[in-house]
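There are 2 protein chains.
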Amino acid sequence: MIIPVILSGGSGTRLWPLSRRATPKQFRSLVGTQTMIQDTAARLATLGEVGEPLVVCGARHASKVQKQLAAIGVSPTILIEPSAKNTAPAVAAACLAALDRDPESVVVVLPSDHVIEDVDEFARMVDLAVATARDGYLTTFGIVPTFPATGYGYIRPGDSVGDAASAIAAFVEKPDEKTAIDYVASGYLWNAGIFVFRAADFLDELRTHAPDMHASVVTAYQSAPDEGDTVHLAESGWNTIDPLSIDYAVMEPTKRGAVLPLACGWSDVGSWATLYDLGTKDALGNVIQGNVFLSGTENTYVRSDSKPVVVVGVKDLIVVEMDDVVLVMHRRAAEDVKAITEQLPDELT
Amino acid sequence: MIIPVILSGGSGTRLWPLSRRATPKQFRSLVGTQTMIQDTAARLATLGEVGEPLVVCGARHASKVQKQLAAIGVSPTILIEPSAKNTAPAVAAACLAALDRDPESVVVVLPSDHVIEDVDEFARMVDLAVATARDGYLTTFGIVPTFPATGYGYIRPGDSVGDAASAIAAFVEKPDEKTAIDYVASGYLWNAGIFVFRAADFLDELRTHAPDMHASVVTAYQSAPDEGDTVHLAESGWNTIDPLSIDYAVMEPTKRGAVLPLACGWSDVGSWATLYDLGTKDALGNVIQGNVFLSGTENTYVRSDSKPVVVVGVKDLIVVEMDDVVLVMHRRAAEDVKAITEQLPDELT
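Residue numbers (our numbering), protein chains in the order written: chain H, 13 to 361; chain Z, 13 to 361.
Hints were generated in silico from the structure; no laboratory data involved. Be aware that one or more of the hints could be misleading.
Put simply, identical chains are the same to the list, so a pair is met inside one copy or across any two.
To be verified - Derived lysine-lysine pairs resembling DSS-like cross-links, with alpha carbons at most 27 Å apart:
#1 K327 / K350
#2 K79 / K190
#3 K327 / K267
#4 K350 / K186
#5 K293 / K76
#6 K327 / K79
#7 K350 / K76
#8 K293 / K190
Make a model of the complete structure from these sequences and hints.
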């Protein structure tokens, strides 16, 4: 059985004010009509032998997950993290739940807040990745770069393994721009945090490379009361875990890693500048949503949620109007949103 | 008796969205706490022998005038124009009402939507202007320019008349920038639309230079039903009037004109750019009002009326948030607001 594991622990602060602590961006509709977590769950529906997803999230978001997925006919099992511990423990807990369903289960680990434009190509590549995983590889998708991004880590592919995959020669950190250009020219791929492996294989590797974490997650999972579709991971084991990403805990140390190149219109929609890039532009390069009036304005993103927004004579701005706040920002300042939210009153963040 | 005549027929469209058809800028607080028409009425309170003001406005604004002036203890007589006919007929009607109070009355004609920072200096100059008016001159204040403005008409002073005034050598139209520099260097003054004269003298000159208008205004005034503090000028006479400014109808043709230089921190607050200029600036040149958070922002005006506004990484913007609309505009585009309001739905203008 193939089991989607949807990670919904992210906070998406760079998309404030659309993304809030109470309602991070995965619960919003950024592109199209469904929310991002709905898109994520729907994306795998075309594959065969796919079970209901496992979703890992914090307690404050569990009811949103349940409600939004129910709205598209999906009945997830929700694993609730008592506290945020980065991705490795979350994936480990999901793998334990997957094993309970099927000892041979292959999990497809998906962040809940990414956009994929070409769903058919994605599905085709997931099929390949599942085959690679069934050969015993811990497989990650490496996004084929479309520009020399400095905001992502990269994966250097090594020798071929199987039909389509390569060994992982190295994970490398976010580069400066010059290095990024070199990486793209050398065939490096973006590390997008999408993984496919047998649940049992991941847990084996975690036990080898991070035995304390493995033990703590097992404790937290096994001590969770049986509540049907919701698993409250137990604080006893969970709270002793040192937060660590799946990359650091398993994917870098493992000798069983593989990478598959993926070119499917992927974006993590990491900032308002990215959302502008993804949008449909008018003749002057503007992207608008809602009740917006423009005059003499170029290369600007304007979103109106609750009342009309009139923009005159500007270039390269992001304007976001919501029912309780307005953000006006230069497109080049899009990465600075997180910093200013730290200065705002709690009720706005 | 000195009688203030407050002209409240302006629409202030360049200050949209603060200024609306239903509530033009004179009924708003732009600088300080009182509304502009309240400031205008209060400005003359320090003078001696000043009667209650006459206010000329359209029917839709009469109750606002009454209410706002009552709030500061002023009981105006309101002359309601059946239609807008520019300033000459409005002033003529007010002069007829002033004559009914006192045949020797001197009127001080004031637009309702100007800012004057140095009220003491203004009062001192009004005293001088009243003396000049009592010598038989139709006196206008010429604002001493503080920069080579291209947005105002200018007055060229001629020979001295009386103690402080000059004859009016010429009224000249709004200049281009080069011409404006010449004008300022040559001692020209801004034409601000503030006048002081005996009501009888103005009506005499109007009868001489615009006899049809004079006759129509007399008809409209004399046919108005007696309603105490409100005079509904009669459509019968009024609607036959060709609109004309006081400058064209009387001040240019008269041989009895005089100009007094006035340096009192005057502004017509004609646009958002002017409101920025008038504001108190922080160390980065920003002017803010209301619940505003700035980061990396310079030389920007932000006004929040109903919800927080966050501005990040921009320069030279005007941001105005009101309960039903948001305006984001480059400071250099401030003169373009009027044009865009013509494209907006009626309920927003």
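Hints versus structure:
1. Taking CA atoms no more than 27 Å apart as the test, K327 paired with K350 passes in both settings, with 22 Å inside one copy and 20 Å between copies.
2. Neither within a single protomer nor between protomers do K79 and K190 lie at most 27 Å apart by alpha-carbon distance, with minima of 45 Å and 67 Å respectively.
3. Proximity of K327 and K267 under a CA criterion of 27 Å is satisfied in neither setting, with 50 Å inside one chain copy and 52 Å between copies.
4. In the homo-oligomer, the alpha carbons of K350 and K186 lie at most 27 Å apart inside one protomer (19 Å), although the nearest pairing across protomers, at 48 Å, exceeds that limit.
5. Neither within a single protomer nor between protomers do K293 and K76 lie at most 27 Å apart by alpha-carbon distance, with minima of 32 Å and 44 Å respectively.
6. For a Cα distance limit of 27 Å, the shortest separation of K327 from K79 qualifies neither inside one copy, at 39 Å, nor across copies, at 43 Å.
7. In this homomeric assembly, K350 and K76 come within 27 Å of each other (Cα to Cα) only inside a single copy, at 23 Å, whereas the closest approach across copies is 45 Å.
8. Taking the closest pair of Cα atoms, K293 and K190 never come within 27 Å of each other, the shortest separation being 29 Å inside a single copy and 40 Å across copies.
The structure shown violates the earlier hints numbered 2, 3, 5, 6, 8.
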